[in-house]
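K.L.:
Here the protein sequences line up with chains W and A, keeping their order.
In our numbering, each number is its position in the first sequence, counted from 1, plus 1254.
In our numbering, each number is its position in the second sequence, counted from 1, plus 516.
For the record, the hints were derived by calculation from the structure and aren't laboratory data.
We treat Cβ as the ideally placed atom computed from N, Cα and C, and that holds for glycine.
Just to be clear, a hint being listed does not mean it is correct.
As the list claims (entries may be wrong) - Covered by chain W, per the in silico footprint, the following chain A stretches (three or more residues, Cβ under 8 Å):
#1 528-541
#2 640-650
Claimed, not checked - Selected chain W positions facing chain A (in silico; Cβ < 8 Å):
#3 Gly-1271
#4 Val-1275
#5 Val-1279
#6 Ile-1283
#7 Thr-1385
One letter stands for each residue in the lines below.
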Amino acid sequence: MKKKKVKKSLYLYIVPGLFMVMAFVYVPIITNIVYSFFRLSSYSSSMKFVAFNNYRRLFTNDTFPVMMRNNIYYCIISLIVQVGFGTVIALVLESKLVGKLNSFYRNVYFIPSLISLTAVGLMFNFIYNPTAGMLNGFLKTIGQPDLQQIWLGDKKLAIFCIIAMSQWQYTGYIAMLMIVAFQNVSMDYVEAAIIDGAGPIRRAISVYIPLAKEQLLVCSVITVIGAFKLFTEVYTTTSGGPGDASQVLGLFLYQNAFLHDDMGMAAATGVLIFVITVTLSIIQLRITRSGQD
Amino acid sequence: MTTKHINGRKVFLTVLIHLFLMSLVLIILLPMCWLIMNSLKTNQEMFRDSIALPATPLFSNWVNAWNKGLYNYFLSSIITSAMSLCGILVFSSLLAYGLTRLNLPGSGLIFVIVLGGMALSEQVALVPLFKIIQAIGLYNTRWAVVLPYISFRIPFTMFLLRSYFLGIPRELEEAAILDGASRFQIFYKIIIPISKPVLASAAIVNLNFVWNEFLFANIFLENRKLMTIPLGLMTFQGDLKSDYVTMLAGILIASLPMIIMYLCMQKQFVRGLTSGAVKG
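Using the sequences and the hints given, assemble the complete structure.
P.N.:
Shown next, in the form of structure tokens:
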């Protein structure tokens, strides 16, 4: 009898943390799914059931194709640059040719990811500024004023300017993750490959990449998820403009909830982001866990 | 003859690689250098030619930025981060200990539930969380951001600590039990001190998240006194209007703490990042 009582008290280790996760992560997310079927506003508690109306309005919205396209552009370019090119950087840094400067390069590339998204966004606002910005100033200095642009003010360029900014910020981060993965590759395999006469490129393709495959997949998944959570980068630079040219799902959600007081539509957008990111996260968790066994 | 040929090729390749890596260094550093350079100019100087060096470096811009409100946002960020970190580390280490050491029925399921939280993104919870925070009267208080920060970071931190706890030999605990130590004493006097390195990693990676978080802070905080740095910078921009150089100085100052922290604690940082990667 006494023994049983002691056991129950042991749950006190688990309950506080579990409660927090339930109350502030799970409950809101489940509530969000419920909200997506209602019309509701931020400052009153009245709710009206509208079935799939919020979803219909979301999918038929004029900006829906624009934001899906922008999120997908962001996703694809980030996969190529951050994951693809970041891996190449990691391979180069891990090859024996770099020597003492190795950690200098690695740290410089990593530093942008430590700066807050707001600071980076505001900084690039200045860099892209048409009159006092670095880019146009640079183009003028090298004698190419014809190439000057209004950057963030240009409907076609705006989203790509934002994407470029993110590549600047996060390529070094992914490179760092890949470097650590490559460092965990057993030297036995590398030495065996060297004895077999494999050069650096051959070693990269047939030893390093296959053995760091899991980390590469994890990096790809977090990059894709990041692409569909995109918010602060756009909020701090263009606010989705000019017009709706650089609109993305995350910002659309925010604007509907807190500017247009259309929380039902925001909730429906949230569910869409949820479906996309959870599907991808399940893939990520599968990969990480299979790695542990 | 052949060795000389091979050496020649190797030198050429090395030079090529360094050129490539250095050009990337330039791409990373140029915007930062441009920012620092212009934060030392007058507004007129910046508009005349933003590429030129400042005539006389005006460090007064930095002092200005600090005094015009940045100081307050810094203080607020430090308090918010400290509260969040305490919560994250206490809840997560208790949870990780409970799940790895006590053989409680249901541990497996609870682990999966908590870990699942890692897959859920902040935006999806935003609308209901706003309503909840309002309903319990926490809107525009520090708790409005601290509670969500703690809750959203527990899954990752639990996961990080759990894998470390699993590696601690059970003999240590068994010896302590024989000496008559209670469960909590074992946790507090054995497990926690042994786990200092992983706790440091967890602390720094979470600090980076909390320090830079914007989405929740932007929606749950209205009072300037409570605003953290990322939000403060946005407000700062509105206040300064066309005083661009002071704004640039503000961005610079706001970015320094995490960079310095990283340079001092690289090892802990990298270990924390790689054991459960999440971005943004």
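K.L.:
Hint by hint, note whether the structure agrees.
P.N.:
Taking the hints in turn, this is what the structure says about them:
1. 528-541: holds (count 8)
2. 640-650: holds (count 9)
3. Gly-1271: holds, 3 Å
4. Val-1275: holds, 5 Å
5. Val-1279: This hint holds: Val-1279(W) lies near chain A, its Cβ roughly 5 Å from the closest one there, short of 8 Å.
6. Ile-1283: holds, 5 Å
7. Thr-1385: This interface hint holds because 7 Å falls under the 8 Å limit.
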